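Student: Sequence:
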Amino acid sequence: MTNTSFKFEKSNRSLFERLFEPPEVGRMSPAANVVAHILLVLWTIFVVFPIYWVVITSFKDAAAVNQGPFYVPFLDFQPNLDAWRAQFNSDANCDIPSILRQVGLLFYNAFVFVVSPVVTLQPMEPQLCKIYLAFTNSIVVSFAATAICVAIGSMAAYALARVQYKPKFGNIMMFVLLTLLVILATSFAGIPWWLSSAVGLAMFFFLVRALGKHFKRTLGNGDILFWIISQRILPPIVVIIPIYIMFQAVGLLDTHLALILVYAVANLPIVVWLMHDFFVNLPIELEES
Numbered sequence: 011m012t013n014t015s016f017k018f019e020k021s022n023r024s025l026f027e028r029l030f031e032p033p034e035v036g037r038m039s040p041a042a043n044v045v046a047h048i049l050l051v052l053w054t055i056f057v058v059f060p061i062y063w064v065v066i067t068s069f070k071d072a073a074a075v076n077q078g079p080f081y082v083p084f085l086d087f088q089p090n091l092d093a094w095r096a097q098f099n100s101d102a103n104c105d106i107p108s109i110l111r112q113v114g115l116l117f118y119n120a121f122v123f124v125v126s127p128v129v130t131l132q133p134m135e136p137q138l139c140k141i142y143l144a145f146t147n148s149i150v151v152s153f154a155a156t157a158i159c160v161a162i163g164s165m166a167a168y169a170l171a172r173v174q175y176k177p178k179f180g181n182i183m184m185f186v187l188l189t190l191l192v193i194l195a196t197s198f199a200g201i202p203w204w205l206s207s208a209v210g211l212a213m214f215f216f217l218v219r220a221l222g223k224h225f226k227r228t229l230g231n232g233d234i235l236f237w238i239i240s241q242r243i244l245p246p247i248v249v250i251i252p253i254y255i256m257f258q259a260v261g262l263l264d265t266h267l268a269l270i271l272v273y274a275v276a277n278l279p280i281v282v283w284l285m286h287d288f289f290v291n292l293p294i295e296l297e298e299s
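Going by the numbering used here, the first residue of the sequence shown is number 11, and it counts up by one from there.
Some hints here could point you the wrong way.
Claimed, not checked - With a Cα cut of at most 25 Å, we get these calculated SDA-like pairs of lysine to any residue:
| id | residue 1 | residue 2 |
| --- | --- | --- |
| 1 | K176 | P293 |
| 2 | K178 | L221 |
| 3 | K70 | F80 |
| 4 | K70 | P89 |
| 5 | K70 | R95 |
| 6 | K223 | M183 |
| 7 | K178 | T228 |
What the hints assert, rightly or not - What follows is a list of derived Cβ distance ranges for each label pair:
| id | residue 1 | residue 2 | range |
| --- | --- | --- | --- |
| 8 | S24 | V75 | 49 to 59 Å |
| 9 | L143 | N291 | 34 to 44 Å |
| 10 | F288 | I255 | 32 to 42 Å |
| 11 | H266 | A199 | 32 to 42 Å |
| 12 | Q88 | I255 | 39 to 49 Å |
| 13 | A199 | A276 | 24 to 34 Å |
| 14 | I253 | V209 | 20 to 30 Å |
| 15 | V209 | A93 | 55 to 65 Å |
| 16 | F80 | R28 | 44 to 54 Å |
| 17 | Q241 | A199 | 22 to 32 Å |
Calculated directly from the structure, the hints in this document are not laboratory data. On a predicted model such as this, the values are computed, not experimentally measured, just so you know. Idealized CB from N, CA, C, for every residue including glycine.
Given the sequences, and given the hints that come with them, work out the whole structure.
Tutor: In structure tokens form, the structure reads like this:
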């Protein structure tokens, strides 16, 4: 009797109730479900469109790229492989490992075979200088910078997660001021950097012993973490010129080491922050066992 009455009440619901009222607790109404799917489709298009744009741009010639936003191949523009030919057929006198040349040859010929029904292009032997150098630079810089970030960031994060630091704020400010004095003495007074650094370090320890006991305000691990992550607030454009001048002075322009140092320093705060949460959630009993 109860099931019959429930079906009767359900069949007598108005069209508005069927569309905008959820059939069960915890479920969306049909109208809300349709709206949610429409929003998901729109969001998917928004996310995927940049990838689609990059792919179709690789099949445009220079005129199609410069003339305007052409979106649909064969309707807005005629696709071709000129950009791919330029990448694979450049710097013929380049010396790269033969295995990479063979891999590039197989990849390029397979690519031409796949697109040949649509775009006419004769297979050829690629010269992989630009691509080889680009991938080599990316691999060397990314792997080295990541290794440095993980190694240094993990040690710093573990120390902040397991040891409670309480540095005095006055001592930190003295160190900052003495560091500025060392930089000014080295840059403008012509004092050798090793001499100014040694004098500045000696003055710091002397002042800490003499005045450190009078400073009362202390900082904690949370303050140190906040200071580390706050370095990401600084806009990159602010430090580009100083970094360029510094690398020019030490002879590191156009080197892998310069990029490795920049990427490692820029990403180190994020590594420390993430690894700190990992070590905090790791039970201390696992280390003591």
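Student: Each hint needs a verdict: does it hold in this structure or not?
Tutor: Status of the hints after comparison with the structure:
1. K176 <-> P293: Holds. K176 to P293 sits at ~23 Å (cutoff 25 Å).
2. K178 <-> L221: 11 Å, holds
3. K70 <-> F80: 9 Å, holds
4. K70 <-> P89: Answer holds: K70 to P89 is near 6 Å, not above 25 Å.
5. K70 <-> R95: Between K70 and R95 the Cα gap is close to 12 Å, so the pair holds against 25 Å.
6. K223 <-> M183: Holds - the C-alpha atoms of M183 and K223 are around 14 Å apart, at most 25 Å.
7. K178 <-> T228: 4 Å, holds
8. S24 <-> V75: 49 to 59 Å: 56 Å, holds
9. L143 <-> N291: 34 to 44 Å: 42 Å, holds
10. F288 <-> I255: 32 to 42 Å: 37 Å, holds
11. H266 <-> A199: 32 to 42 Å: 34 Å, holds
12. Q88 <-> I255: 39 to 49 Å: 48 Å, holds
13. A199 <-> A276: 24 to 34 Å: Holds, since A199 and A276 (Cβ atoms, about 31 Å apart) stay within the stated range.
14. I253 <-> V209: 20 to 30 Å: 27 Å, holds
15. V209 <-> A93: 55 to 65 Å: 58 Å, holds
16. F80 <-> R28: 44 to 54 Å: 45 Å, holds
17. Q241 <-> A199: 22 to 32 Å: 29 Å, holds
Comparing the model with each earlier hint shows no violations; every hint is respected.
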